[in-house]
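J.: Start from chain A and add chain B according to the hints.
There are 2 protein chains.
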Amino acid sequence: MQIEIVTIGDELLLGFTLDTNGAHLARELAALGVEVVRRVSVGDDPAAIAAAVREALDRCGAVITTGGLGPTSDDRSREAIAAVFGRALHLDEAILERLRERWRVRGWGTELPESNRAQALIPEGATVLENRHGSAPGLWLEDERGRWVAMLPGVPREMRGMLADTLLPRMRDRARSPRAEAPVIRSRTLRTTGIAESALADQLGSLAHRLEAVDLAYLPGWEGVDLRLTARGLPAADAEAALARGESAVRGAVGKWIYGEEGDDLAAVVLAALRSRGLMLAVAESCTGGMLGARIAAIPGASDVFLGGVIAYENAVKMGELGVRAETLATHGSVSEQAACEMAAGVRAKLGAGVGVSITGIAGPDGGTAEKPVGTVCAAVDVRGGGRTFRRVLVGDREEIRKRATQAALDLVRRAIAPDS
Amino acid sequence: MQIEIVTIGDELLLGFTLDTNGAHLARELAALGVEVVRRVSVGDDPAAIAAAVREALDRCGAVITTGGLGPTSDDRSREAIAAVFGRALHLDEAILERLRERWRVRGWGTELPESNRAQALIPEGATVLENRHGSAPGLWLEDERGRWVAMLPGVPREMRGMLADTLLPRMRDRARSPRAEAPVIRSRTLRTTGIAESALADQLGSLAHRLEAVDLAYLPGWEGVDLRLTARGLPAADAEAALARGESAVRGAVGKWIYGEEGDDLAAVVLAALRSRGLMLAVAESCTGGMLGARIAAIPGASDVFLGGVIAYENAVKMGELGVRAETLATHGSVSEQAACEMAAGVRAKLGAGVGVSITGIAGPDGGTAEKPVGTVCAAVDVRGGGRTFRRVLVGDREEIRKRATQAALDLVRRAIAPDS
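Here the protein sequences line up with chains A and B, keeping their order.
Number 437 in this note's numbering belongs to position 342 of the first sequence; there are no gaps in the numbering.
Number 213 in this note's numbering belongs to position 118 of the second sequence; there are no gaps in the numbering.
These aren't lab readings, by the way, just hints derived from the structure by calculation.
Among these hints, one or two may not hold up.
Given that identical chains are not distinguished, each listed pair holds provided it fits within a single copy or across any two copies.
[Unchecked claim] Quick list of in silico lysine to any residue cross-link-like pairs, SDA-like style, CA-CA up to 20 Å:
(1) 467 x 396
(2) 351 x 294
(3) 351 x 291
Isolated chain A (complex conformation) (with noise of 0.2 Å):
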């Protein structure tokens, strides 16, 4: 089965607006073994609507499209669609009714807004999708021959719960082969960090000519390097056997890079690892201001093992509330291995942890001088008294370099903590 993705909204062609929504479903649809094929994005333009579902219909039979549903004027996805399979709109009382409640139980006034009435108006012979998550229902419509376009709302929750409530299960059915040798798509993904995208590529150069029936992509990014293993066209489980043995071999070349598999976050990965240590947290952060907390503290359950920290920004915080020495700042400077050092330590005593970790930088755009470019980090991670530092130039602009910092500190807790290192 293969599909495209149409998003729809003039902030994509003006790029105020990321497509975390084609992302969303292209991930999901992988998952399902479905193939994308093609991502296309236009504006609130009617014919322009209509032109990219007319044409991916033509190329593959099956569209799912978001955005456009809302309740305002630019709202133009119903009516081009409805265009493109010839049919008109009319008003559906029951969904007009569920508007009416939905506005009074969420509290915002006792009157329905007159511009959510649009949102009633569907076209004829759809299949309405139920939105359980806000305002715009979805919609099904297929033409005589199984050519179909779903709807979906452009607000990403909302389109994210639609999408697991209602569609996917749907699509799920569809899908179904009835043949256990049917093809399918399968990927795999191993996360490195600390290594170029080239010196890993040299690494598995002769490798990638030895995996049958398998593609090697690398998806570099602050994070890391991801390399992704892909089987195509073989039955599920010849697909599952392809990437079984290509991970096994990737692992034997890069192994000592790897943390993670697909989707790991190594915030999650450090947690799991402190957690099943019995081991508490708590971070010392300057250049980064609660980044490395903010990405601790995403992971659900975080509380079992993090305590919290200090945000110490100014030099004055970092000498009174985690003991850095002022002889520390004056001959080494807050950017350094000896100050992360004291960060590290001063932060674990103060709030009782079993680890402290600590980050100082210059995240620029200025701050740089010829000894400590911009881009300079310093890290050092504590360990019941024990410890290690790390010092790199990472590139990057201003957020780059936090986010990368904040993943460089990470690492080393990782390593810190490891059964063999």
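T.: Only chain B this time, still in chain A's reference frame:
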């Protein structure tokens, strides 16, 4: 001038990478007055790349691609796009020498990996776009009819750098019209927070019909709802005048919800307001775990105003470091306006700040109760001992609730220090 953007990479179809490149390009092109009419993403498949580029060239004659220029076997853009133009590839010695030099300087090793040599293969007749930010050079191909494709690398930092260094100046020269009356696209965004999209639409509905030559779009997100005014097809001076009239009308109707304009981050707005009043800021965070501090520290120059704070994830830290009373926690719970007030006052006193701001909440997925469901967030601000608080049930998943909480806390600070509040 119209253009299409084609972003290339299996990871985009598998959903493992957000298409930040497409969004960045769209934003930069819109600023130049170039209309992006469609964005397309295809995989690392030469046939799919060639088809997407050929169709886009047929529609509008100008295409920018990103991705597929790297050193590995899944990088296929050069060959696919060269084939669209009927050109062969040849090895460019100057590029190869630069790659070798770059490798030496970076210090990864002494010899350029064999796989990097592929990056020195370029189509006949191509213009090389210098890459000062990474290894893959960009390429510009043009046919005898003046139709062109610019190929940029897929690594966001490199793509952005090359775009600014070489491609935008080149396009600006082409786009520069000799006639002052040439039509342009101009847009302007007003950012609101704390009001629902449909409520805004009701207040602005009648206005929309009176906004001569200006389209009004509603862009909801976790920061609030952005209002985007766009003027199309007018000469630059007329477009600016129409936008100014539109902005004035919108501000008249919903100005109290507007905290900023195009690209403004509420954190930067708040920092600027604090700076102008000579107030230093400290944060105390529970469920957000440092995310508020990280947002503030993301703003270059934050150190003028931002001292740091305490991440009080565990209740013991709330009591020990912030002076939250055990009685408060026992009576009202850690997620309460009372606890938030004590956290804000505590961190303000501890760090000697003029303003303390706090967040405590239940980000989920677990931990909700009937009285305090998941999403319940309390925030408080303490300005030199005087304060105000916030309590609301925010919608979304764990991440979105936390992000909305930082926005609500920042808005609380904004309102508390505004001269007219």
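J.: Failing hints, ascending?
T.: Violated hints: none at all, because every hint is consistent with the structure.
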